[in-house]
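**Student:** We have chain A already, so just place chain B on it with the hints.
Take a look at the letters that make up each chain.
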Amino acid sequence: MEKCKALVIGGSAGSLDVLLKVLPNLSNSLSFPVIIVVHRKHGADSLLPDLLSGKTKLVVKEVDEKEPLVAGTIYVAPSDYHLLIEQDQTFSLDYSEKVNYSRPAIDVTFQTAAEVYGDKLACLLLSGSNADGVNGLKTVKDYGGITLIQDPLTAQVAYMPAQAALHVDIDYTLKIEDMAPFINLLSE
Amino acid sequence: MLLDLPVISEEQVEILLSDLLEHYGYDFTGYSKASIKRRVLRLYMLDKAVSFAEFRFKIINDQVYFKRFVEQITVNVTEMFRDPGFFKTLRNEVLPKLGTYPFIRIWLAGCSTGEEAFSMSIILKELNLLHKSLIYATDLNPTVLEKAAQGMFSLSQMKQYSENYILSGGTKDFSSYYTAKYSLAKFDDELKHKIIFSTHNLVSDHSFNEFQLILCRNVLIYFDRDLQQKVLNLFDESLEDLGYLALGTKETLDFTSVAKRYKRLPLEKIWRKVS
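Sequences listed follow chains A and B, in order.
Those letters in the first sequence? Residues 1 to 188, by our numbering.
Those letters in the second sequence? Residues 1 to 275, by our numbering.
One chain only, chain A, in its complex shape (with noise of 0.2 angstroms):
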């Protein structure tokens, strides 16, 4: 990859461990932005962004609809919308239908990156129990971005990492210690 523009990390049940592992590891300039999109219970609203910006230096925002995407900041998917990346490089909130019955849809959000973004792109599929952002990875593949995955026996729930590894070309399956190294080198 020449260089990334944008990671975008999807996760469900069992994920949130992973990313309280992984955020304390990143490093502290990043040079593109981080989004995250993990499915939650609606109303817990605020909680997710606070866990996660207690564990890096980074900013961790939830994310606010127009707003621009910024490099070394990371953006937390608000739950019940779908998040979408707009050609300017901005985000924009949709509450359409749910997919895969979830919303935050991680499908939406790995499609909309990769027509933004194409082979400047990397996307990573932790721990979860549905196939929600498998064919999200296939796109990003489609368009020449990095395809990567939670090393399906180092995750609390398979499923959702194994599902992909089956139907989409991996181009990397990292274990946890791993991942943070990974994402650093990256970053410039």
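Honestly, the hints are just simulated from the structure, not real lab data.
Everything hinted at is true.
Capping the alpha-carbon separation at 25 angstroms, the derived lysine to any residue pairs in SDA-like fashion look like this: (1) A/98 <-> B/47; (2) B/273 <-> B/261; (3) A/61 <-> B/264; (4) A/66 <-> B/270; (5) B/181 <-> B/149; (6) A/66 <-> B/260; (7) A/3 <-> A/171; (8) B/33 <-> A/73; (9) B/33 <-> A/97; (10) A/98 <-> B/250; (11) B/48 <-> B/17; (12) A/98 <-> B/44; (13) A/21 <-> A/47; (14) B/33 <-> A/89; (15) B/186 <-> B/171; (16) A/66 <-> B/230; (17) B/263 <-> B/274; (18) B/147 <-> B/203; (19) A/66 <-> B/269; (20) A/141 <-> B/33; (21) A/21 <-> A/157; (22) A/98 <-> B/155; (23) A/55 <-> A/25; (24) B/125 <-> B/175.
**Tutor:** Relative to chain A, chain B alone:
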């Protein structure tokens, strides 16, 4: 690059949107691109369109399909008492204040299939204000308004709606408001006597009355910044002094030109016009 999906390009979406404007007077050019492109692509695949040219031809020449197109590219997902905390604030703070007026006019802009209009009606009835209220429920889409006017929602949703209703401060038996008919819940006609369903396009239509409360939740997220500003000006013109404007959880008046005239209520996305 080999793609599985039949890809519609940004340019092709632009072509369809300018067709809609030219042939039907519907202006979607100020909508957020990623969302509308996803909706168009979804419909394209759902209806198994053979080619972009055929898809485009059908939208221009087939009135029935055009209606379907507009219905499908706009988002019509809604719930009763969605975000119960919001409805609790309406019930406990906003509506009692408006209840001191001789008459309450409410505009529900982008009402979709009517779930919020019926939610409002239920709260007004419980506050004993329904008799002196009028709810104007508008949408650009005539098809969803027809559905809204029937007051029938899926019975399978009622458990969720009943939970929302209780969390929003409702104390009655929620099922007393509807009768079950097969897979549908038909809401009491009394609830819709004070609702006027009508088409109104926020993009192109003007102000049509003065209101004490305007609700427009999860509509502005689909608009670009310029269009958001234009619509907020329309709301500002249509709202009486000391009236309330309510937006969706992720929408805001902050950083807009009308912000200085409004004071936000704590916690909820409700602003009061103060000057």
